[in-house]
Structure formats: structure tokens, C-alpha cells
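Chains as they are written, first to last, in UniProt numbering: chain H, 1 to 1154; chain X, 1 to 196.
Any given hint could turn out to be false.
Once the Cα atoms are required to be at most 20 Å apart in a straight line, the calculated SDA-like pairs of lysine to any residue come out as [as the list claims (entries may be wrong)]:
no. : chain 1 : residue 1 : chain 2 : residue 2
1   : H       : Lys-1152  : X       : Cys-195
2   : H       : Lys-745   : H       : Leu-649
3   : H       : Lys-1138  : X       : Cys-195
4   : H       : Lys-537   : X       : Val-196
5   : H       : Lys-451   : H       : Glu-467
6   : H       : Lys-1152  : X       : Arg-28
7   : H       : Lys-1152  : X       : Val-196
8   : H       : Lys-1070  : H       : Ser-1030
These aren't lab readings, by the way, just hints derived from the structure by calculation. The structure displayed is predicted, hence computed values, not measured ones.
What follows is each chain in one-letter form.
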Amino acid sequence: MAQFKQWALEYVLADDEPVQLELTKKAAKELEDSRASSTVVGNWAASVHQWMTLTHSNDDDQMEDGDEGASGDIISRAKALSFLAGTLEVLDKTILRPDQVQRLIGFFGAMFSYDHKAGITASAKALRQLYSMKNFKPEMGIKVLEDVCKLKEDFRLQTAVTRLEIYELFLSLVEDSAVSSELQHKYGSSCGFALDLLQLCSSERDPRNLMIWFKVIRRLLAEFSPSPEVTGEIFKAFSAYFPISLRSSVTPIGITAEDLKEAVRNCFSSNQRVAPFAFPFLMQKLDQGDAVTVAVKVDILRTIKACIEAYENPQVSVVPYIEKIWGSLKYEVRNGEVKETIDATLEVLRAIARKLDGSKTHKQEVALLRNYIDLVFGDCKDDLSNPTYTKQAGLLLMTVVTANIRGYVLYNAGFIEIIRQNLRQPKSSTHTRDLLLLLNSILKTRIELFKNRKDGHTEDEEQLRAETRTHILSLFHDVYLPVWTGSEEIDVLKQVALGLGLLVRQQALDAEGAVSLLCSGAICVEICKLLIVTLVKPLTLSSNDNQSHDATLEDDVVLALRTIVMSYTDGYGWIIRSARKEIKKRDWASPSEYSLEALKVLLSRLAFIGCSEIPTEVNSDTEPENPYSPLRHYDAWLWTLVYLFPLSLQSVTADSYILSSLHAAVIWFRDACEAKYRASALAQYSDSDKNWLAEFEQLPGTFFDQVESAAMLPDEIASSFGEDDPETYRQFLRLSLFIVRGFYKGATAEAPWSEQALAQLAQTAALVVQNLSEKLQVSCNLAQEAFSLFKTSEEKPCASPFSGLLTVGILQGLHPGAMTGLYQPGGVAEKFICDTSDLGSSPRASDIKAAVGTIYSNKYPAGPATSEEYQTLKRVLEFWTNKIKESVTSSDIDSDSFNSLTNVAMHTIAGAVARQEKLVLDLIPVLHEAAGSPNPNGEIVARSLGVLVQPNSEVLNKETHANIKRFYKQWAYNFLVRPLYDLARPGSDKDPKTTARYSIMILSVVKNCPFTIYQDDVESLLRLLVTALSNKKDDSVLSEEAAQAQVIAALEILVDILANEPSALKGFLKEIIGGTTKVYQESTPSNKTLHRALTTCRKLSLQVIGALPKTLEERYLLPFSRPTQRMLALACGDPVRKVREAARSARANWAKVV
Amino acid sequence: MREVDNANPSILNVSQLPSRSRKVTTPRQGPDTKCDDIVYSKRPWLCGSSSLEDEALEEEYGEDPLDAQDIYDLISPISDPEHPHTLGQLSVVQLPDIHLTPPPAGRRGDSLVTVTVDLTPTVTHCTQATVIALAVRYRLEQTLPPNYRLDVRIKDGSHSNDDQVTRQVGDKERVAAALENDTLRGTLDKMLETCV
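Model the full structure from these sequences, guided by the hints.
Right, dumping it as C-alpha cells:
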């Protein structure tokens, strides 16, 4: 006893929660140890006695005087009670006996009658704990409810947290099935306790409490069976809150206005018993007209929808109110302008139709749905002939008719008939368009209903099986075709095109349940022929006859045709045959630009129509030309391209368009596969070590011979996998590799193989190869094929100076692991890269070699430094470094040739830099030295150094498996540039030429680096920049070109610094402003060859000057204000518009510096 | 608030305003054009030093001396002091009413050029004509090089006091004095906010 008293006292005196928790745990332990003997429990309960007695001696009036002693009592009393409650919280829930629980409930329950000040929070908490005791009996629940309700008006005086505790208690009680059945047994439908609760909680405003209170209400309505009168009372209680909103608060409480709305909505939709109150109430709210905001209107509509969806027995709960609901709602759509309300309204109407149809397991009387749709039909039918309301009426009808399959089967024929009648006598072209739009929507919804036919009641599918379809079948000849031929309005024609697409996609069920296309093959063919004319037409017209720039109709035709051929697969054959015929008809020897454009567009569209999706397998009434295959269209399109190529030996552009179209087809189909099967589909094949190329060799003849079949894949392969089989993805790559190989084999030095064509083909190859797994690349030996270009030794090699592009194409797509073979000593790759004999032929030759070099040094698969492969790589890198070292001082090499050499060398090294290859570190000093050479070639090396941190991103990127380290620029900067700052600083004992070279090197690298990399060296860098800007123009140290390039680099870096750390410029303002002004003034457009560089200089210098006032405080700039403003005023008259714009903007910025 | 002089002026759409016709045609749109950039790239192989010169850039950097359209572009975006529209939209400024002497062709870089701008107020009794003329003059002074002389006038017969306004705006000292006036300066700055 003494112990409990002591703990209680300590608890009352303590302020720390952990301490209090510890004390309650001790008490609980004591109770548990005694196995809840009556004495111990009694002692425990009596431990708070000293505070309780005080309560009873003080009466309420005294306490309300608020003298300190009394309020101190209240606090300690509350704490004492919470000691008991806390003990219950940690006490083993099984330990108390029923009579003890009962007694404790009695004790704490009494607090609600006597002690409204101190007892409630702790008592509520204690009661919740007691409720969770094992020996809590349902009848005790009733007692708890009754006790708590005695709090009456004082309930609202409790803090929100205390009230929350009580709400939680209520919720636990009403959610407890034993307690609730006890309650029902005791109170019956009069639900007296509910009325007490309503009274108690009637003016709750705290959002957190409301959330629980609404749950309690929902429970009362749904699980108890209150009489209509009580239901009315409960309805009043929660509907008073509707529409509910939430004031925004500074401290977030974790509850949104949406949550509250949802909670109130759940009360409305809790039970059909509420229907007689809910619908009239909501309709009355809705009919208030303009007084209702959009948000509230949407809330009302969503609540109505929730009610309709939740109420059972619609015959009684929904049907009586339909007329009223419809009467109010139709105007929301017919005359409505706000999309949100219109959508929410249509949702309600759809919900009614679905409710009246029935559920998946139980269908309602058909008359219910019929009456409803008849009601809507009667009101909307006439509106369809009124252009102002066609759209809205159509929307309403669409919503109710196509809400479910039953409604659709019953009413679509009638609906379509009305549209058809109106289309015969349209009031205007927009009227026609709206009616067609409506018709198309019906077709679109039919597709959805058909697709989801198995989700609903089994009756639905049967109804679809038995539906009449003649009215849909006749749409083409009766509706679409006459409009297509009779109208010239683009908007109308677009709807026809889209409608035809939807029409062909329609499927039907036969008596056995088999699915096939609804339209006959004959109609589908007719539609294809009709539409393709639109796309082929530009080719047949002359440029004078075809002035239209609006291609939206053609674009919709393209979409429609794609829809069509994805269902009616034979359609694609028809389309490409007619296009092919038209293309072949023309002479492509010297086509006009117009014809070329028409060809390009046509090929692009055809590739999209056939290859941008995987076709679906559906039967048609006619036997298909070829068995279904997901690759059918892609195959047919490739075949067509092969067939067309070359169009002419004279027009290389036309031929390159064919290759572009091949590239596009590969991209489209790859994306389609990616979307449908995901890339992971490729990983699951274990037989990827097969050599596809060897398989191709076995095929009879080359594909160029297979003119007759109009396809390349043999039927037995094509039809061996279905629509959903990921094998499609693999076979697509196989077919693509096959065609790339075919074109590679055919590539020669003569027309049509222009540089453009070879580049296009190479990019296609790169795309195909990059999608193959490393294993497959190895087994096909693609690394070697990159150099043999798929040709056998007997075949004539491609002698084009650009054939190296084809090599780049394959190498680009390879994984590093598939490159291993190329690092054999003296191998084909090493020979190719280190052969300098062909560099003189064209500047492109060096670019191509540079690209091969970049990939070669970048995709080296990791290996030990002692390996032969690594030594080969080292040899290649050293070869090119030495080449530069030797030639830089040689006098018998002209600057063009030296440029070519440097180009290859730098790019080759750049590939290695990107993966931070250590070999590079040994090469850097050699490069530095070469650049410092007094020979003019040294300047070229210095200027090209930037390439090392800027390798060609088209050749090296992550997608093509390049090995690019994240911090390689930082790494390169440290070794390449850092050591140079000291050397580049001008000094009396240094050769000005050498220091200038070092400076060029630094700027050339820094220009290609982000600010963060060089920010630590900004100070040193700025010195160099200032020197670069103030160099004399006629200085013989640098060539004019190099000087110009250096100035541009300096200005670009300045722009970068200004954007990142303008304060660094403070110490150099005089030099920078002076320097840039000088650059501007000296970069006058005198020299034609340097025109662009000079213009860039002027523009950049103005940008630098203009950015200063925006980034630096005025006081720093004031001394320069006048001369700068004068100079900028003059610059506003610059001959180049872009420069003038920069000058004006700079002038405006400086105008504020006064 | 004072009633505005012309409550319902006719307003031109921005797309109707004269602009330098763009030489670059917009690329074709359409469902099939997603990969056009890749497959019809004009620069099929960006590689190394000798990549093709970009034609568009070349055009952008071509010489193109200041002409009437430039002047129009400078002053047409000035906001009207009364309406939420620009002088271009209200046709107060019109391209045919801007003249440069000597004309751009055959002009030397630093030769003296006179810019004449005739303004057409929306109504003949427009009280804001002076402010508008001043704003035009102020804007041009801020943006044209010093060898350009300005002559901002109210078109003959378009305003009941056209002579008077023209004379006012032509008087350098009066203009300078007006710009000292803070209220007026505030109005001008507000009008010029829409110029970029």
C-alpha cells in the first residue's frame, strides 16, 4: 500500500514522461506479481485517495474562482488519475478479473459525472485500456457509453485531445461487434444511446476529432438499424457539416480538406436508409444556382455518385429519385461550361446506369435501365439536330447508353440511327463534325466494352454474341464514305479518317464465342485504299498544285491507318503496294526538291504506320495473305525498302531517304518492343551463343533475290511466335541484323552510296548492334565484322573513302567485352588505326579514323597490364603520341596534314581519358612538350588539347556501352592543366611563344570543363584570361587564327565564371573591362574568312560586359561607367543583329550604374 | 479615375504585327516525326574538327544593318499608358511610318542617319499623345547608337494638336526637362517595362 502511495506521489511530482512511465511500470509489475489479488488492486486504486478526497471536499464553484490552490489540486488530481490510467496501459491485459474491470469502469465512469475538470482525460484513457482487457464484457460497454454521455455540455469544454480520446473510445465500442449487438439488443431501433451521442458531440469542430466522429456516425448508420426518425436525427448531425472545408493552418495536422470531404461523403453513402434524406438534401444544395462554387458543386456531385454506388436495393433507394436527379443534372452538361462539373455530372449519370444494370453477380430488372435510358433519350434526342447542343446532348446520351454492355446492346442501334438521320441533313459543317465525333466516340466505347466483356456478369458476353451489327457494318457506305467524298472541310475529314480507323478495329463474337473483325475483309481493303490515296497524293501532284501547309488531315489519316493495319494485318500489304507503285512510277534521276520532300514524308509515314506498334492477332472473314506474325509489318516494310533501293543512281538524296526510313523503322519497332516486352525479355534466352551470321550464310541466295514473296522471314519462322511472345524482340533484332548485313554487303564506292547514305546505314547498324547482348556480339564475331564489313574475302571490298563509317557503326554498338579480339597484336584494328597513309584523301578520313580510335581506346575491356591486349593498346596510344612529337618539329608536313594527325591522335587519347586510363599519364608530358615546340605546328597541338576532355559524344555515350568515368574531367584537369599554370605565367626569362602556347592549352581544356572543376584555380586563370584579352593583335607570337580562338575561349570562360563566382572578378575589373572593350573594338569585320569568329568575339565581349552590373555591386563599376556606356551606345549600331541585341541588353544594364 | 480617351480601340493580334519573316521553316509535326531529328539529321556524322558549318548559325551571324523593322521592333512593344496593349497592337506605331535616311542599303557604318517615326494616336483628341511620343523618343535614345538623329512626330491630321506635340517632342531641352520629372519618368518606365 505504502509502495503504491509512494509511486503515486512520485508520479504526481514528476514532470518527465520517462520517469512517469517507469513508475507506472513498477505499479503494473506489482499488480501482475500479485496475480491481481483483490487487496493489491484495492491498494493500488486507493493510492490516489489523498487527491480524490480533496475533490469531494471542494465544490465546483470554488474551483471556478480559480484560486491557485484549487488549480494546483486539479493538476495533481489529474496526474494522480493518469497514474492509474498509465498503469492500466502497461498492465498485462489478461490479469484483471471481470469484477475488477467492472469496478474500475464504475470508478472511472463516475468521473464523467463528478469531475469534469480533472478526471476526464485520464478516465477516458483508462476506459479505453479497460475496454481492451480480456475480461471486458459487452454489457460493460453499454455502461461506459452511458457514463460518458453524462458529461453533457461539459464535453465541449474539454481539450481537443481529451475529446479525441473519447471519440476513439466510442469508435472502438461501436466497431466491436459484441458491444454493438448488445446495444441493439438493449435499445432496438430507437437507438437511444445514439441520440445521446449526437447530443454530446453536436458541435465538434476539430478536424482530427471530426474524422473519428464521422466514422462513428457511419458505423451507427450502417451497422445499427435506427428507425427513420433516428436516421433523420443522425442525418441532421452530419449533413450540417456539408459542404465541409478546412481552413489552412500554419501547423499541418496531417488531414486535408479532401480527407474530411471523403469522411462526410462516407456518412452519406453509409446505407440506403439515408437515401430519403440524402438525395433531396443534395439536390437542394445543387439547385442553389450560382451561389454554389465549382468546388462545392463537384463535392455534391461526387457525394451523389458515392451514394448511388453504395446503396443497395436500387429499386427503393435510387429509382424514386432518378427523375429528380436527372432533372437537375442535365443542365449541368447541356448548359455547363466548367469541365470539372461536366465530368463529375457525367460520372453520376454513368453510376446510375451501372447501378440499374446490376452487379457482376446479380442483374437488376431490365425495365429499370430501360426506363432510365428512355428518360434521357426523350430529353436529348431532339438536341442532336440543334448544332448548339449536339455535343452536349451526345455526351449525355453516350454516357448513359455506353455505361454498360446491356444498355449498349439495347440502345446503340437507335442512337446511331438518330445520328445517321441528322448527318443526312446537317445544319453546318461543325454540326457534321460534332455528329461524327459522337459516332466515333460510340465506336471507341464499343471497343472498350468489348475488351472488358469478361469483367462483368456472364450475361454480358452472351448479349454481345447476339447483338445486331448490320447498322455498324453499313456505317462505311452509308455515313463515312458519302461524307468523305462530299466534304472539303478538314475538320470533318479528320473525323471521318479517325472514324474509319475505329470502324476497322471493331471486333465481334460469333455464336461459338470466337472473336473476329466485325467488318469484312472487302470493306477493310476498300478503307485502306481510300485512305492511302491521301498520303500518296502529294507525290503525284506538282508543287504548284499542292500549296497546303496544313498536314493535320494527313496526320490523322496516318493514325487511322496505323489503327487499321494493327487489326486488319493484310491492310499494310495493300498500303505499301500502292505506295510502292506510285514511287516507282516516278523518275528519280533528277527529282525536284518538292518531290524529294514528298518521298521523304511518305516513307516516314509508312514506316510509322507499320512499325510503331506490334500488330494484334484477330481473325477476319477472309483468309489472310500470310499467317499472322508480330513481325509481319516490319518484315514487309524492310522488304519494300530493299525493293526500292536504289531508286536511282543519280539521286543520292532519294536513296539516303530510303536508308533513313530503314533507320526510322528500326527505332520505331525497337521502341514498340521495349514498351511491350521490356529489355529484360532479351536476357532470358540461353541460346544467345548462336552465331546468327553463320545462320544467315545458310540461307538460299541473298535477300535481294526474294522479290516474289514480298517478305524476308520464312513463314515457318515468322509464325512460330505469337503476339505476346518476347521472342518477337529477339527475332526483330535478328531480322534487323540480317538486313543491315545485306546492305553492308551491297555497299560500294559508287552511287547510290554517298557519304550521307553510308553514315545513315552505319547509324542503323549501331542501333541494332547496341541492342544485342555481349554474348551474342561475341558469338557473331561482330568485332571482326566491323572491319570486314560482313564481306567474305571473295567479295569486292567497299572502296569508298567513307567506308570507315560502316566500321564506326558496328564498333559503336559493341560492348567492351565483345571488343577483346581487336587488341591482338598486329590485328586488323591496330593496323587500321595506325595506318596514316589514307589520311590525306579527305578531312573526313581523319574524322573517321579519329572516331575508330576513340572507341578503340575507350572500350578496352579491363585486363592485366602484362597482357598482350594491354600492350597493343599501349602501342596504339604511344604510336599517335609519338607521331605528334615527331611531326611537330618536322618542316616537311603542311598544316592541313598535321591537323589531320592531331585530330586522330587527340581523339584516340580522349577515348582513354574518358575511362581514366593510367597510360595517358605517361603521354601527357609528351603532349605538353609538343605543344610548347616553337614550330607553328605546336600551336595546333595546344589548341587541340581540349578534345581530351570533350570526346565526341555521338561516338561515346552510355547508351552505346562506352566506358565514361564520372569524374574523368576532374582527373584529366589535374594532370593536364594544373602543372601548366606556372609555366604559362609570362616572365622576363621565358620565351613568350612558349608561355603563350601553355596559355592556349589551359584555355582550350578549361573551356570544355564545368566551373566546379577549375574553381580552385580561378585566380591564376583570371590572370591568363586578362593576358589573352589584352594581347596585341599584330603580335607575332600567335597566328591570327589561334589568337582569335584564344580570345573566344577566354570570353567563354569569363561568361562561365561570371555566372558562378562573379566576386572573383573584383580584383581584375579594370583589366577585364579594358580588355573586352578592346576586343570588341578590334574585332571589326574586316577579314572575310574570320567573319564568324570576329562576330562571336564581339557578341561574347558584350555579354561579359553586360553581365557585370547584374552580378557586381555598383560601387565597383562606377569608375568605368561613362566610357563603357559610350562604347555600348556605339555597339548598338553593330552591323550584326545578334550583336546589337547583346549591346542593347548590356547598355540597359549599365544605364543603372550612375 | 479619369475616363480613358478611347475606351474601345481596335486591337491587332500579336501574330498580325509585322515581323521579320523567318527564314527557317518550322519542322513538320506529325505522329511519325518523332525520330526525324535522328534519321534526317543534316549533319549525319558529327565527328572531329571538320564538322559541317551550321547554316542557321551562318545566317544568324550575317551582316544586317539597322532598318525600319528593327526600329519597329524596338518601339512597338511599348505599352500604352491607358490600355493593357502595346503601341504596335493599337497601330499607334506602324511599320510604313518609319523611315531611315539614308536607307540601310549602301550606308556606311558611322554615317549620320535620321530616323523619322510618325505616330498615329487612336483618337484625334488623345491626351496621352505627348507621353506616347516622349516614350518612343526615350526608348530610341536608349537603344540607338549616337550617330542616329531622331525625329518623332504625330502624323499630320491624326491629332487635333499634332503640330504642338511634334514641336514639344522635337525640343531637346524640353525633353530633357520632362525626363527630370519623377512622375513622368515613372510613367515612362512603366510603359517601357514590356520592352525586352
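Here's how the hints hold up against the structure:
Taken as a hint, the Lys-1152(H) and Cys-195(X) pair is honoured in the structure, with Cα atoms around 16 Å apart against an allowance of 20 Å. Between Lys-745(H) and Leu-649(H), the direct Cα distance comes to roughly 17 Å. Compliance with the 20 Å bound is thereby established for this hinted pair. This hinted pair checks out: Lys-1138(H) and Cys-195(X) have alpha carbons roughly 17 Å apart, not beyond 20 Å. With a C-alpha separation of about 45 Å, the suggested pair Lys-537(H) and Val-196(X) falls outside the 20 Å cut-off, and the hint is violated.
For the hint linking Lys-451(H) to Glu-467(H), the alpha-carbon distance of about 15 Å falls within 20 Å, and the restraint holds. Restraint check: the Cα-Cα separation between Lys-1152(H) and Arg-28(X) comes to about 44 Å, which exceeds 20 Å; the hinted pair is violated. Between the alpha carbons of Lys-1152(H) and Val-196(X) the distance comes to roughly 16 Å, so the proposed pair stays at or under 20 Å and holds. For the proposed pair Lys-1070(H) and Ser-1030(H), the alpha carbon gap of about 12 Å is at most 20 Å, so the pair holds.
Of the hints listed earlier, those the structure fails to meet are numbers 4, 6, in rising order.
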